[in-house]
Every structure is written in structure tokens, then in C-alpha cells.
Amino acid sequence: MTETNPAGFEIRDYLRLDLMPHFMCPGCGHGIALRALLWAVHELGIEKDELAIVSGIGCSGRVGGYIDANTYHVTHGRPLAFATGLKLARPDLKVIVITGDGDCLAIGGNHLIHACRRNLDLTCLMLNNEVYGMTGGQVSPTTAETRLTTTTPAGNTEPAFDACQLAEAAGAGLVGREVTMQTPALRNLIKQGLEYPGFSFLEVISDCTEIYGRKNDLGESAEMVLSQKSDMRPEAYGNVADQPFRPNRLLTGVLARNERPEYGETYRRHADGVANGGKAGA
Amino acid sequence: MTTDTASAEVGERQQPGAVADPRTRNVLIVGVGGQGVIMISKVLALLCQTQGMQVKQSEVHGMAKRGGVVFSHVRYGAQVWSPTIPMGEADVLIAMEWAEGVRWLPFLRPESGVFIADTQQVIPPFACRNRQFGADMAYATETPAEIIGRVSDGFALDAGRMAEELGNARAGNTILLGTLSATLDFPLDDWLSVLNQFVPKGTEEINRQAFLLGRDWVEKARQDPAGPAGLAPELAPPPIQPDIDVRLEITAEWCKSCDICVKLCPERCLELDEQQIVRLKDPDACTGCRICEWLCPDFAIAVHHDNLAEANA
Ligand code: SF4
Ligand code: SF4
Numbered sequence: 059m060t061e062t063n064p065a066g067f068e069i070r071d072y073l074r075l076d077l078m079p080h081f082m083c084p085g086c087g088h089g090i091a092l093r094a095l096l097w098a099v100h101e102l103g104i105e106k107d108e109l110a111i112v113s114g115i116g117c118s119g120r121v122g123g124y125i126d127a128n129t130y131h132v133t134h135g136r137p138l139a140f141a142t143g144l145k146l147a148r149p150d151l152k153v154i155v156i157t158g159d160g161d162c163l164a165i166g167g168n169h170l171i172h173a174c175r176r177n178l179d180l181t182c183l184m185l186n187n188e189v190y191g192m193t194g195g196q197v198s199p200t201t202a203e204t205r206l207t208t209t210t211p212a213g214n215t216e217p218a219f220d221a222c223q224l225a226e227a228a229g230a231g232l233v234g235r236e237v238t239m240q241t242p243a244l245r246n247l248i249k250q251g252l253e254y255p256g257f258s259f260l261e262v263i264s265d266c267t268e269i270y271g272r273k274n275d276l277g278e279s280a281e282m283v284l285s286q287k288s289d290m291r292p293e294a295y296g297n298v299a300d301q302p303f304r305p306n307r308l309l310t311g312v313l314a315r316n317e318r319p320e321y322g323e324t325y326r327r328h329a330d331g332v333a334n335g336g337k338a339g340a
Numbered sequence: 565m566t567t568d569t570a571s572a573e574v575g576e577r578q579q580p581g582a583v584a585d586p587r588t589r590n591v592l593i594v595g596v597g598g599q600g601v602i603m604i605s606k607v608l609a610l611l612c613q614t615q616g617m618q619v620k621q622s623e624v625h626g627m628a629k630r631g632g633v634v635f636s637h638v639r640y641g642a643q644v645w646s647p648t649i650p651m652g653e654a655d656v657l658i659a660m661e662w663a664e665g666v667r668w669l670p671f672l673r674p675e676s677g678v679f680i681a682d683t684q685q686v687i688p689p690f691a692c693r694n695r696q697f698g699a700d701m702a703y704a705t706e707t708p709a710e711i712i713g714r715v716s717d718g719f720a721l722d723a724g725r726m727a728e729e730l731g732n733a734r735a736g737n738t739i740l741l742g743t744l745s746a747t748l749d750f751p752l753d754d755w756l757s758v759l760n761q762f763v764p765k766g767t768e769e770i771n772r773q774a775f776l777l778g779r780d781w782v783e784k785a786r787q788d789p790a791g792p793a794g795l796a797p798e799l800a801p802p803p804i805q806p807d808i809d810v811r812l813e814i815t816a817e818w819c820k821s822c823d824i825c826v827k828l829c830p831e832r833c834l835e836l837d838e839q840q841i842v843r844l845k846d847p848d849a850c851t852g853c854r855i856c857e858w859l860c861p862d863f864a865i866a867v868h869h870d871n872l873a874e875a876n877a
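Protein chains in written order, with the numbering used here: chain A, 59 to 340; chain B, 565 to 877.
These aren't lab readings, by the way, just hints derived from the structure by calculation.
All clues stand as given, with none of them false.
Between beta-carbon pairs, the in silico distance windows are: (1) Arg-843/B to Pro-242/A: 24 to 30 Å; (2) Glu-728/B to Ala-314/A: 35 to 41 Å; (3) Gln-223/A to His-625/B: 39 to 45 Å; (4) Gly-698/B to Asp-71/A: 25 to 31 Å; (5) Met-651/B to Gln-223/A: 58 to 64 Å; (6) Leu-836/B to Leu-75/A: 22 to 28 Å; (7) Asn-694/B to Ala-243/A: 23 to 29 Å; (8) Leu-836/B to Thr-208/A: 26 to 32 Å; (9) Ala-243/A to Arg-725/B: 33 to 39 Å.
DSS-like cross-link-like pairs, simulated, lysine-lysine; straight-line CA separation at most 25 Å: (10) Lys-827/B to Lys-287/A; (11) Lys-827/B to Lys-273/A; (12) Lys-287/A to Lys-273/A; (13) Lys-606/B to Lys-765/B; (14) Lys-106/A to Lys-249/A; (15) Lys-827/B to Lys-845/B.
Quantities reported herein were computed from a predicted structural model and do not represent experimental measurements.
Idealized CB from N, CA, C, for every residue including glycine.
Starting from the given sequences, assemble the full structure and let the hints guide the process.
Spelled out as C-alpha cells, the structure:
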């Protein structure tokens, strides 16, 4: 009971009410992800002034703008780069990056691997809806094979990325995945990410109902949300040969931990050394 | 599943027929998954075999993992034909869960059956089907005193707590086995040596103590039915949740008619109105579970538990 009770969590307290209702389509999973994020922020007692949200371009990029805190809406694919600079300059801030599958893995793929490599204390929330929704529904790096998009009218032929495996291999300190349907579990995962002293990469499986769902006949919003549940069942995973490839969608929770030094710490130590006339790395 | 343990290999088994009391006796053991019903029936079956009797045992245990019903029929005597006990013919009914005991009562011999029950309650999800705050639970309401008064000979004990006090919460079934032993005519040493073969390595001593505890409990209860040992513990199913007022706050201007809340509300108490805006159709059915609040991508529903603090106080 206490576990799932928001205990005084009023989402309105964290929203820019003058911008509401938000611009996202009916049934878009990004709204649920935003709730989970704000719920986690509330439960950790993070002050709005200490909170900085950096987001890129795309539907996911717009999510950050509704949060009543310090928010940055930056260039396509670069939220991690901006966030890295911000966190190094202002280590006192809690910096959260909200990005999407296209923003993070395609346009910003390079920044992602290097952010993972550095292991700077950031929390990266990648909202994965398998498509470029804002620009009209083009194929993205996580679009499952055979899926229809405006740029793959006969079905996608490219294999999809498993973003979590990528982040783990690149050295992210904490890697996790959750679906929007499990809102309290998603909140818990985000809390873990926020508390982790290093780079946490969290993939959120979200639904694009209006564009991707409709194009692929995945049902209405409610059916898409429910299918997240059946996708997590092992038996639904069973016969891969008969189903479009969905890279490990079913594994949720914390998937990997890499115990590595936090970069901000290292950076400040070396910077102090240089300022005192020494050499970096000394 | 039916097992004919009569054909199992047992050392020094006497031939059927050489038994002092040739009548067939019936022991029915019931409980829910994970409580050790099968262990009790195995101990009893092997014990009877060492006494030169024929034993038939049949059980249903498939639902064990889900906390489902488990029962085991043990029949022994000079010659046993059917592996199952007919209604009204169990000489002993031993229940490891209270409601299961009550449920299986019709199997007990009305005039001479012995009823032994753990008062432990394992409340099945099914009993919580009414998800309203403050709702009653559909669980056996009979008190131990009522049931004991209804059977010819009955014992209700809190074996779970006794086992905990003994230092191993898992020994509850051995305590009940000890209780059972006090109602059947087999030598104590034989009980203990068979028991030893079934308990996990390293727990022999605690199981021996648990067994004797259950056995002595019956002796004490017989001597002094009104004494602390004989008194059936009071029990009543706990309420599911405190009585809380649920209020749904709908921000109509934010609703985008996506239908998620309508289709995912477990009580189906929401609907879209003529304007395709969400509306609480059936306020009485709403349990305040918050699923609509969590899954509305547009924050159009807020669920308030108004007197939660007082209810928990
Ligand atoms: S809180 Fe919402 S989902 Fe839960 S029963 Fe009430 S209307 Fe339905
Ligand atoms: S989930 Fe929210 S937006 Fe969708 S119909 Fe319900 S109240 Fe409206």
C-alpha cells in the first residue's frame, strides 16, 4: 500500500501548468514516462532548483519542457554533450537527460557511447518508441524488423539496436530498462538511476500510438499498453522465428552495473592539479 | 496422481494379514502449497508399512506453487482396496490451513472422526475479490471453538507460531504430525525413526522437538480442555484495507480521449462521454487503485484517498 501510494505526490506541483495540456498525441507513452520521472524526483526530495533537465529533438525532446525546473532544449542528438558540460561546471546539480531512440542512438549515437565511456554522474532516460514520431514516422535504429514506417513502406529490413547492451558495452555505470505500463516499477528504476553516482542509462519502452501503432496495426492506445505486458511474458518471447525481431524487449529492471570511477571526480582532481602548477594525470 | 506405496521396498515388512487391527483406517491431510502436506502423508505411509500394513496414498499437489489446495488421502490396514477416502469416512482430518480444514469437514466420520487443524490463515487472492476499501474478505468465518464443538473430537492449534517459538518456522507441519501421532496407535519410537528419514539433514533435532511438542499438546489438551493448551486460539480474518474515501479528480481539459483509462480500469468504472472526455460512470465500483492515474499519459485523472492518514492512524 505505502509502496504504490504517491504519498503526497501531486504531479501539478512539478508541471508548467501554463503549457498544459502537453503537445503529445492521445495515448503517447511519453506522458506516462514523464509522470514516473517526476514521481521519482518527488520521492527523492530533489528540489526544483537543483534539478536540470536536458533534452534533445523529437517528441522525447519536448517532454522536458513541461517540467517546472531548469530545462534545456538543445540541438538534435546533443543533449548528452550539453549535459556533460553542465554537470562538469555545476556538479551540485542533478542532471537528467531525456532523449529518444533516434536522438540518442542515431543522431547522438556517438555522444552516447562516449558518455557511457566517461561515466559522468548523469541520468539518461531514453524514451524508446521505435520511430521518429515528430517528423512523420521514419524508421529509427530501434524499429523492429518487418515494421512499417514512412521510410520502410515494405517493412523494415534492418536489425534493431539493443540500446542497453550498447550502453553496457560502452561502460555505463548502471543500465536498466522498464516499460511505461509498470509505472511504479519505472519510478523505482528511475530512482535507482538518480541515486547512482555515475552514468545511468535507462531505456523506457514507450508507445507511439498515433503514428507507429496505427501504421503497424498494433491496436489502440490501451491495446498497445497491454501488449507491453504480454511482451514481457516469456511465452510471448518464445517463437522468435515467427515474430518480428524485438531485441530483448522483455528483459526489464537493472540489467547491468559497471563499477567504474565517476568521471566528474577524476576531472576535478586533475583540474586542481593543473591549477596548482602540476600536470593533468599527475 | 495415485501412488500405490504398498509395493515399495521397505525393510522387514510383515505380510498383510498379520496386523493386529485389520480394519482400514483413513487419514485425510489437507492444506495449501508449500506447507508440507505431502511430507506428513509420506511419513504416515512409510510408518504404516513398517507396521506390516498395506497402504494406499493418493494426492493432488499440482497447484502447490501458487498456494493452491493440496490434499492427500492415506488409507492403511490389512488390505486396502480403493486409494481414496469416501465422503464421511475419514478417521482423522488434519488441516494445515484453517479454511481448508473447514472446507473438508464433510469427509470426516461424523460419529468418531478426529479433527486436527492449524489455525494459520493463508488467505487466497480469491478471497479478496472485493477490492473496495474496507470490504469484507470471503474467508471462512467459523471460529475454532465453533468447529471443535461440532466434531466428535477436535484440536485447533497455532502450529505456525509454536514452530516459530521453537526456532524454525518451517517445522509447523512436524508439530501437526506430532499431534496426529497422539491420535493414532503407533509406537513413538517408530514415528521418530520414520520422521528422521524425511527431514532435511541437520534439522533432525528441531523436528524431533517439534514432533514431541505437537504430541504433548494433545495430551495436555485432553487432560484440561479449558486450559491454555486446550483453548482454541481466537481468530478472525483481517480486513483487506482500512475504510478510505476515494475521490477521482478529473481534469477534463487535459483528457485526449485515448481510452487507456477506460479499458485498463480493473473495475470498468470509467467511460468516455458524448464529448469523448473521461467520466466516472460508476463511482461505487471504483476502488481507488490509481491505475487510471498512473497510465493516463495526460495527467487528466488524480485519485485522492481523502482520509488515508486518519484511517491508518
Ligand atoms: S482508481 Fe481509476 S482505475 Fe482504479 S478503480 Fe478507480 S477509476 Fe478504475
Ligand atoms: S487515459 Fe487520460 S487522456 Fe486517456 S481517456 Fe483516460 S483520462 Fe483521457
